[in-house]
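Undergrad: Heads up: the sequence lines are chains A and B, in that order.
When we follow UniProt numbering, the leftmost residue of the first sequence carries the number 1, and every step to the right adds one.
When we follow UniProt numbering, the leftmost residue of the second sequence carries the number 1, and every step to the right adds one.
Each hint can be trusted.
Calculated lysine-lysine pairs in the DSS-like style (CA-CA distance at most 27 Å, straight line):
#, chain 1, residue 1, chain 2, residue 2
1, A, K249, B, K165
2, B, K80, B, K13
3, A, K67, B, K288
4, B, K235, B, K165
5, A, K80, B, K249
6, A, K50, A, K13
7, A, K288, B, K67
8, B, K50, B, K288
9, B, K48, B, K67
10, A, K249, A, K165
11, A, K13, A, K67
12, A, K288, A, K13
13, B, K80, B, K188
14, B, K13, B, K288
15, A, K165, B, K249
16, A, K80, A, K13
17, B, K80, A, K249
18, A, K165, B, K165
19, A, K165, A, K235
20, A, K288, A, K67
21, B, K235, B, K13
Selected chain B positions facing chain A (in silico; Cβ < 10 Å):
#, residue
22, L122
23, G147
24, S149
25, Y218
26, L220
27, Y254
Source of the hints: derived by calculation from the structure; they are not laboratory data.
Ideal Cβ positions, reconstructed from N, Cα and C, are used throughout, including at glycine.
The chain contents come next:
Number of protein chains: 2
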Amino acid sequence: MSLLGAIEAGGTKFVCGIGQEDGTVVERISFPTTTPEETMAQVVDFFKGKDIAAIGAGSFGPIDPVKGSPTYGRITTTPKPYWSNFDMVGHLRSHFDLPIEFDTDVNGAALGEATWGAAQGLESCLYITVGTGIGAGAVVGGELIHGLSHPEMGHILVRRHPEDKFEGFCPYHGDCLEGLAAGPSLSKRWGIPGAELTPDHPAWAMEAYYLAQALMNYILILSPQKIVMGGGVMKQLQLFPLIHAELRKQLNGYVQVPAIMDDIENYIVPPQLGDNAGLCGALALAKKALAAG
Amino acid sequence: MSLLGAIEAGGTKFVCGIGQEDGTVVERISFPTTTPEETMAQVVDFFKGKDIAAIGAGSFGPIDPVKGSPTYGRITTTPKPYWSNFDMVGHLRSHFDLPIEFDTDVNGAALGEATWGAAQGLESCLYITVGTGIGAGAVVGGELIHGLSHPEMGHILVRRHPEDKFEGFCPYHGDCLEGLAAGPSLSKRWGIPGAELTPDHPAWAMEAYYLAQALMNYILILSPQKIVMGGGVMKQLQLFPLIHAELRKQLNGYVQVPAIMDDIENYIVPPQLGDNAGLCGALALAKKALAAG
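In isolation and in its complexed conformation, chain A is listed as follows (with noise of 0.2 Å):
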C-alpha cells in the first residue's frame, strides 16, 4: 500500500501529514502560516525523503482548482498578506515529481468523508463547516463540485431572523450567511464568546434559524445524499436538532423524501473523522491524485 502526502493548507496554520490510502494518519507536523516561502519550506522539508506516491492538498481560498486554467494551481485573490496569487501546484512541483491533487479545504474535507467518514459509500454529499468563517464542498455524482470556479458556499444570501439586529460582518455582503452566522458573528451579537453562552441560550435558536435556511438552499439545488457539518461553532451539539427541526419547518414537506422526513437525525450529522476532517480530506485528494496518475 503507497504512502500519501496530506497538505491541509489552513490561513493560520499548515497540517501536513503522511497516510495510508485506507484513511490511517501515520504521522503529522503542524506549523504557523507566515509567509510562503518559510511557509512551504517547512512543507517540502517535512516530504522530503519520505516515500510517498502522490500529494493532495486542500487550501484555503479562493484558489483556482480548475485543470488547465492558465492559474491552475494558485491561491488567487486572497487578502492574505504575502499569498495572493502564489502558485502552490507549481512550487511543489519543482520539488516532488509526483501527482498533485489541489482543492479548497472544504472540498477535500467532503472527498474525505464520502471516502472513510460519514459519506461513505454515497455518490453525493456536502461538507460544511462553521467556524471563524463557513465554507462548503461537495460531492456530485461521485466527483468534487467545479465549474467557473469552486463554490463558496458561505456567502450565499439569507433571510434575516425578525429579531436579529446585528448588521452582520462580511466585508463584501454585510449580511450574507458567513457575515450572520459565521462564529465572530455569536460574540459580536451577543457580546460573549459563542463557546460561553450556555446551551439553552437563544442564540442558538438563532443560529440555527440561518443554518437551516442555507442547508434549505443546498438541498433544494445540490440534493446531496449526506450534510456532514463541522467547524468550532458545530462542537455545540444543541445546534443539530434544533437544525433538524428548523429545516422540516421551512421545508414545509417539500422535499418527500425518508432521509428528511423520517431519518433527518442520520442525514444532517456531525464529521466522522473528527478533527482530521480537514488532514483527512487533503489525504483523500492524495488518494485521487494515485488514482489519476
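Assemble the complex: chain A is given as a structure, and chain B must be docked to it using the hints.
TA: Chain B alone, transformed into the frame defined by chain A:
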C-alpha cells in the same frame, strides 16, 4: 445515424418527437395531458413502428430519477390528478425494449443546452425556466445532478424586495423564489398579466432583483460555466441586462472570474435551442440512453 425518441412530458401538454443524434428534430406531435392511460396511449402510438434506438423523457415532477431506487422512473407526489406515483419508465418499457433515460424536464433542458446549445462543449451549466413555475436543472462535471432526489431550485428562499407587498403564492413556502417571481406573481402583484406590462415598468426591476438573488446563490453553490434562462417570463428580453447589473451589484466583486467581471452578457443568456429547449432536452436524454446502452 440512429433515430431517437423524445418525450417532453409537461403538466399541460406532452410533446413527442423523433430526432437525430445531432439534435435535429425530424418529426413532432403534441397533445394535451389528460390521464396517464389516455396520454401514454398517444405516446406509444406515436413511437410504434418508428425505427428509434432509444427514448429520452424529460418530465414534470417531482419524479424519481435515481436509478436503483425502488420508485425509479415514477412521477411521485405530484398534485396533478391521476399522475401521482405513475410509473412512466415501467410503462414505456412494457411497450419498447429500448434504452430509456428519464429525468426532470429542466435537467433535460440543461443537458440539451450543454449538448447542442448555449453551453455546448462545457463541463457545467445551469438551465432555469421562469414561467408558470420556476425550475432549474444543472450539469456538473458533464453529468446531471442527482442525489437524494433531483434539484428543486425554484423553491429556494430569497430576501424580499423592500418595496414588495405581495405575499407570494407558493402553496408550500409562500414567498420562496417561485412564490415571488414565477409568472403568476407578476399578474397577482401588479394586477395585469406580465405580458402586458411595458418594458420600462418597475415590475421588471423587482423581478430582476429576485432572479439575480437566486442566480447569486446558484453560482456560489454550483459555480456553473454558463447560465441559460428560458421560459415565458424570460421572453421579456429587457430582463437580461437588469439581471446582469443586479447580480454584479449583489455579488459585490466577490467571485472574481472574467466570465462575471468582464463578460456577464455572454454568461447569462437565453436558450440557444429556443422553444425547442424542452424537446431537445428529451432528445439529449435519449442520446445519453443510447450511449449508456
